[in-house]
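J.: Below are the chains, spelled out letter by letter.
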Amino acid sequence: MASPAAELESRAVESSSRWAEFRAWITQPGVLCSTPVLLLLLIGFLAPLLVVVGYSLMPPRTFDFGHVPTLENFISIVNESYYRSFLWAFGLACITVVLLLIICYPLAYGMAKLFGHWAHLLTLLLVIPLFVSENIRLFGWVLFLIKRGVLLGALESWFGIGADSMLYSVPAIVLGLVYVYLPFTLFPVMLGISMVPRDVTEAARDLGASRWQVFREIELPLAMPGILIGAMLTFVLSLGSLAESKILGGQAVIMIADDIETAFTFGQNWPLGSALSVLLILLVGSLVLYVLRRLDLDEILGRR
Amino acid sequence: MNRSSSKLTRNLIALWAACILVFMYLPLACVALASFSKNRYFRFPIPKYDTVWYSKAFDSLTVQGLFETSLSIALLVTAISVVLAFFGSLAFARFDWRGRKVFQKIILLPIFFPQAVLGLALLLWLSSIGIIPDWRTAVFAHLIWIVPIATLVMSIQAYSFDPALEEAAFDLGATRWQTFREVTIPILWPGIFSGALFSFLLSWGNFPLSLFTTGADQTIPEWLYAKMVSGYTPLVPTLGALTTLGAALVLLGGYAIIVFSRGKGAK
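As given, the protein sequences belong to chains A and B, one line each in that order.
First residue of the first sequence? That's 0 in numbering that gives the first Met the number 0, and the numbers climb one at a time after it.
First residue of the second sequence? That's 0 in numbering that gives the first Met the number 0, and the numbers climb one at a time after it.
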């Protein structure tokens with residue numbers, strides 16, 4: 000049996016060795032280099048999210064933290080059918096992801112495997128619109144689609160065809176979402192497809208696999224990390240999109256980000272807006288964490 | 000037979016790529032077209048072309064103010080984000096340390112997050128600690144989203160970094176600072192430059208974060224949005240075309256510098 004003094008001593012040794020371990024960890028160059036970014040995200044990302052969670056538990060229409068926490072806001076979300084805007088956002092985001100995967104896969108395949116040098120130019124051309132504010136680009140669609148706009152005006156004066164504008168409807172919102180988030184699907188999918196080694200597909204073809212089999216059993220699984228990232232990025236961003244439904248959708252459909260913005264601005268109901276945000280954050284967060292856990296970023300971004 | 004069918008696939012995909020390019024540039028072309036219309040309200044075919052709204056835009060004090068706000072925010076964001084993202088990318092890709100995998104995923108979180116909600120959360124956070132938002136808080140808001148992106152961009156360069164070069168410099172008697180200045184930075188330079196370019200352009204064009212965090216100040220995208228929603232003026236397409244042109248020039252200029260310096264490095 001150890002004497003108390005010996006035990007104390009061994010504990011002291013243990014804690015000092017733990018301290019030394021911690022010091023060794025903290026002085027690693029990697030830890031030091033990551034600190035500024037982590038601090039920025041701590042005060043600029045984590046703290047605001049905690050504040051939002053805090054506000055979501057305050058009574059409706061209050062503007063500070065000095066109240067007894069309550070779940071009233073969440074109850075009113077269910078009762079006052081705010082869940083509808085959730086369903087709309089969810090549905091539109093799903094449609095956008097599916098459409099974009101179908102649209103982008105062939106192009107991504109071409110850029111990763113077929114186009115060679117032209118792929119660089121194509122990448123540059125597809126990146127440029129990303130740097131133009133999305134509301135300018137959406138406004139361009141308004142000019143194109145609006146009554147007497149580029150499309151309808153041309154149809155009417157050149158071909159004598161009169162048609163109704165499709166602006167301010169659900170398809171217009173989907174068009175806007177597909178347009179804005181196309182690069183966010185395309186580039187990750189392209190990255191994924193470029194990870195498929197050419198030898199493997201060629202070997203499969205030599206062994207008699209059909210084109211469809213090669214696609215389903217080789218390309219698709221090997222490109223999956225990129226496809227997953229692209230799909231998730233598009234889904235999450237369209238779920239929280241604001242400008243598309245406002246500029247192209249008029250009042251056709253209210254999406255969740257709309258409701259959140261209204262609660263904060265015209266509604267002057269911060270706790271309700273926060274509660275809606277919390278639900279959105281939970282949805283987005285659980286999805287992102289689930290997907291991120293399965294990915295190895297070193298492999299995707301090309302660590303040797 | 001196999002060869003001709005694969006050629007057909009190639010051509011079909013090339014055609015598809017052309018369609019997508021048209022799709023991506025169609026709205027920008029419409030904005031450019033509308034900016035040359037003389038009428039107060041846009042209609043097509045345009046009855047009369049004129050550059051009157053361009054000269055009005057250049058003379059307008061409002062536009063000048065918007066330009067200054069947007070530019071100050073973008074420049075400040077670029078300067079801060081380059082420094083933070085540089086060290087972030089070293090931690091992301093260059094060093095091996097316990098916690099790196101977690102760090103890599105934390106970095107991605109703000110990118111995978113709806114910006115409008117992030118902007119509102121920041122507004123709430125600022126008001127709860129008693130800071131009144133103005134253009135400087137918008138700089139902070141932009142950084143939360145842009146630093147992670149710049150970190151990723153620089154990391155791609157940092158992955159190809161060979162640590163043996165730094166070790167060689169040490170062995171030859173260089174100090175830590177000399178190694179950093181003479182070896183590390185020059186090698187990572189293309190990545191740093193692209194990161195700066197991305198930071199500037201993303202901040203310049205950002206709308207959802209600015210909307211909630213600029214307070215009484217206004218950036219160009221915010222002003223355009225306000226005028227689109229209510230109080231349309233023909234300055235909207237004009238200013239839209241001008242800021243697009245500005246962004247394109249910065250991007251192409253930057254790209255030319257990268258290509259040029261790479262060519263020089265090869266010689």
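Simulated from the structure, these hints should not be mistaken for laboratory data.
C-beta: ideal position from N, C-alpha, C; glycine also.
One or more hints might be untrue.
Here are the simulated lysine-lysine pairs, DSBU-like style, with alpha carbons at most 35 Å apart [claimed, not checked]:
(1) K146/A / K47/B
(2) K112/A / K55/B
(3) K37/B / K55/B
(4) K226/B / K37/B
(5) K226/B / K146/A
(6) K47/B / K226/B
(7) K55/B / K146/A
(8) K112/A / K37/B
(9) K146/A / K104/B
(10) K226/B / K112/A
(11) K47/B / K37/B
(12) K55/B / K226/B
Here are the computed distance ranges between Cβ atoms for each label pair [what the hints assert, rightly or not]:
(13) W157/A / K100/B: 44 to 52 Å
(14) E216/A / T232/B: 53 to 61 Å
(15) E20/A / S126/B: 51 to 59 Å
(16) R60/A / D49/B: 49 to 57 Å
J.: Taking the beta carbons of R60/A and D49/B, is their distance inside 49 to 57 Å?
T.: Given a distance of about 51 Å, which is inside 49 to 57 Å, the answer is holds.
J.: Decide if the proposed pair is consistent with the structure: K55/B and K146/A, CA atoms, cutoff 35 Å inclusive.
T.: Holds. K55/B to K146/A sits at ~27 Å (cutoff 35 Å).
J.: Given the hinted pair K47/B and K37/B, is their Cα-Cα distance within 35 Å?
T.: holds (6 Å)
J.: Checking one constraint from the list: CA of K47/B to CA of K226/B, max 35 Å. Satisfied?
T.: holds (23 Å)
J.: Does the structure keep K226/B and K146/A at a Cα separation of 35 Å or less?
T.: Judged against 35 Å, a Cα distance of about 19 Å means the pair holds.
J.: Given the proposed pairing of K146/A with K47/B, does the C-alpha separation stay at or below 35 Å?
T.: holds (18 Å)
J.: Is the straight-line distance between the alpha-carbon of K112/A and that of K37/B 35 Å or less?
T.: violated (47 Å)
J.: Straight-line Cα separation of K226/B and K37/B no greater than 35 Å?
T.: holds (18 Å)
J.: For the pair supplied as a hint, K37/B and K55/B, is the alpha-carbon distance within the 35 Å limit?
T.: Holds, at about 12 Å.
J.: Using the C-beta atoms of E20/A and S126/B, is the stated range 51 to 59 Å upheld?
T.: Given a distance of about 42 Å, which is not inside 51 to 59 Å, the answer is violated.
J.: Is the hinted range of 44 to 52 Å satisfied by the C-beta distance from W157/A to K100/B?
T.: violated (59 Å)
J.: Starting from K112/A, check that the Cα of K55/B is at most 35 Å away, please.
T.: Outside the cut-off at roughly 48 Å; violated.
In terms of the numbered hints stated before, the structure departs from hints 2, 8, 9, 10, 13, 15, listed from lowest to highest.
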